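Use these hints to put chain B onto chain A, whose structure you have.
For reference, the chains in residue letters:
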Amino acid sequence: MKKNIFTVLSLVVVFAFLSACAPQSAATAAASAEEAAPAAASETTGGGEIALLISAAGTLDDRAFNQGCWNGVKEFGDENGLSYMYYQPVEDTVEAQVTLCDTAVKAGAKFIIINSDQFKVAASKMITAYPDVTFIIFDTVPIDDDGNQVLTPNVLAIQFAEQQSTFLAGYAAVKDGYRKLGFMGGMAVPAVVRFGYGFVWGIETACKELGLDDVEIMYNYSGDFKPTPENQARAASWFQGGTEIIHVAAGPMGASVFAAAEQNNGVVIGVDSDQSAESPTIITSAIKDLETVTYNSLKAWKDGTFDGGKIVLYTAKENGVALASMKFKNFTQAEYDDLYQRLADDVDGISSAIPTDTDYESPDQIPLTCAKLTYVE
Amino acid sequence: MDTITFIFHQMLNFSIPLLIVALGGMFSSRCGIINIGLDGIMIIGALASFMFIRYAEGYISSQTLLLLAILVSIVSGMIFSLLHAFASINLKANQIISGQALNMIAPAFSVFVARLFIGDSIISFKNTFMIEEIPFLSQIPVLGDLLFKNIYLTTYLGLLVLWASHFVLYKTRFGLRLRACGEYPQAPDSVGIDVQKIRYIGVLISGGLSGLGGLVFVLPNSTNFNGTVSGYGFLALAVMILGQWQPSKIFFASLFFGTLKTMSAIYSGIPFFNTLGIPGNYYKLMPYLITVIVLILGPKSLAGPKAEGLPFEKGMS
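From first to last, the protein sequence lines stand for chains A and B. Quick note: the first sequence uses the UniProt record's numbering, first residue 1, plus one each step. Quick note: the second sequence uses the UniProt record's numbering, first residue 1, plus one each step.
Just chain A, with the same shape it has in the complex (with noise of 0.2 Å):
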C-alpha cells in the first residue's frame, strides 16, 4: 500500500513540474499525437494533396497564425478542387517532423506549407528528399546541421515583418491616449520577438513625437502558448496595476489576456488574424497576412509559375501587414493610412530603423529614451 500511494506521489510531483516548467509535458505531447489524427480526417477531403505542417506546440484552431494559413489553404482547395489536411507530430524533433513529411508526401501530398520555425532543420531535409513536391516554410529560412541555409528551387521562405504591423499598434495606442501599456509574448521565439520590439518601438516614436513623459511599457513572455489560470492572473495583475491595454502574441494564450480584460475593465491588441470576435475588449489586432500569402502562393504553383529557392519578405510594403478592425476612440483612419504609407515608403528610414529579433538579446536593450519599459523576467 505504502508503495502505491509513494508511486502517486512521485506521479504527482513529475505531472505537477512537468506541466508547470515544461510548454509541452509528456502527457500532453501524447495527446496532441493522437488528436491530430481523427482531427485532420475530419477535414479532409481525400488524399491531401495540399498539406500543412503544424508545430507540436501549436493548435490548428488558435484564432491566430496557424488558423490564418489554414484558411487560406481551405479556400484555396474549395476552390480549386483539389484536397487539404493538415499534420502534427507528436514532439518538435527533427525525426518526428521528417517522419510526419514522409508521411504526407505518402498520403499524396504535392504543395507542402510548413508553418512554424521549429521545423527549420528538419525543413532542410524534407525539401531535399522530395524535390518533386513544392515547400513554403513560413517565419524561417531551412538550415542544415551545419547551420547552413538550404534553398533549393523546390521551396519558398517566407517571412513578414512582425515588428512593422506592431509598430502601427504601439504607435496608435499612445496616439489614441494610452500611456500604461503592455506587452505578453509566449515564447521567446523570433516571430514573437519581432512583436514585442515593434510593439515597443512604436510607442517610443508617438511618444516622441508627442512629447510625452508618462509612457510606461510593462513586458514579458509568460514561457508558453496556453490559456493558463496563471497567465490570466498576471494579465488582471497588470490591469489592477494601472496598466490599460495589453498586446498579447501568443495564440491560444490570448484568451487568458481577453477574459482578463473582460473582468478588469482593460482592452487588448490582437495578434496573427483579426481576433475582434473573440472578445469585445479587442480594439484592434496587429496581423501578417498568412491568409493572402498561403493562397497566391498556391495560386502561383498552380497556375505554374512559382519561383522557389529565395526568401521573400512582407512587409507593409507589399501589404503582409496591417492593423485589422480598428475600434479606437481618437487614432483615425485618415492617420492610420498615413503612417502606414510612411512606413511602406520608409520615409526618413521609419520603419528600417525598427529593431527586430536579432538587434537586441532582450528588450531591456532597446535605447528608449521617451517610454520607461520593465522587463518582467
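One or more hints might be untrue.
[As the list claims (entries may be wrong)] Once the Cα atoms are required to be at most 27 Å apart in a straight line, the calculated DSS-like pairs of lysine-lysine come out as:
1) A:Lys-310 <-> A:Lys-125
2) B:Lys-126 <-> A:Lys-327
3) A:Lys-372 <-> B:Lys-284
4) B:Lys-197 <-> A:Lys-180
The set of hints was computed from the structure by calculation and includes no laboratory data. Keep in mind that this is a model prediction, so the values were computed, not measured.
The following block gives chain B in isolation, referenced to the frame of chain A:
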C-alpha cells in the same frame, strides 16, 4: 485594500477548482480506488458543459444557464469516471494505468467531439456569469468586498461541496462505510455491506466533482475551452495528498496552493512586490518547492487510506 481584494479573488480562481477536484479525488481514495484520471475527467466535464453553454447560450438567463451547465459537467464527469470504476472494480485492473488512460484519451476525445459538432476544436463562450454585487451582503465591511462582489456562483458551490464532503464523510452511515472500504474492506464485507457498490459510488462522486472542477477551472480564466486544463488535475492530486485525505485540511491545502500560484503569477503587476526586487523565478518555484519540502518532512502523516489501490475480492482476506 483594493490590492488585497484583487489578490483574494485571483486566489479563488486557482483554489476553488483545486478544492473541488481534490475533494473528488478524496472520495475515490477514501473508498479504496486511486483516481489519477482527475485531469482527464476535468477535461470531459468542461467539454460537455461548454458544448452545452454554446448551444443554450441566449435562450435562458445566465445564472440559470450556469446552473444547468454545472449539472451537465457533473453528470458527464460521472459517466466518464464509470470507465475507471469498471476497470478497477469489476476487472480489478491496475488503477494507476486505468486512471492514466482517462488522462490520455480525454484531450484527444475533446478535440474530436468539438470538431465533429462545431467544426472547431476551440469552444468559445461569452462570460456573462460573474455576479457583480449581491444586495445587502455586499455592504458588510471587508467581507462584503471579498465574498459578495465580483464573484462566481461556483465559488459558493465550492464551499458548499466542502461542507457537504465533511458532513457525508464523518456524519453519515454511508461515510463510515466508505471510509471502512478504503481502510479494510473485509470488515464491511463481513457485516454484509456491498463493497463494490460503495466503491462505485465513491468513484462516481469523484467523477462528478472532477467534471464540475473542469467547468469551474475554465470559466474565469479564458474566453474559450480548447481541450486542456493545463495539468490542474494532477495539481489537485497533490492538494489531496497535502490535505491528508481530509476535507478541512484539503481546504487549507488548496488555499495554500492557490495563494502561492497567485503570487507567482501576479507579482509583476503589484507595485509592492516589484519593489522587493525578488527575481520572478523564485515566485514561480515556490509552490513546487514548498510542496516537495512538505512531502519530505511529513511522511508519517501521509499514510493515506490503507486499502487504496488494492482490488477487493469478495470473501477473500
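| message | Need the list of violated hint numbers for this structure, in ascending order. | response | Failing hint: just 4.
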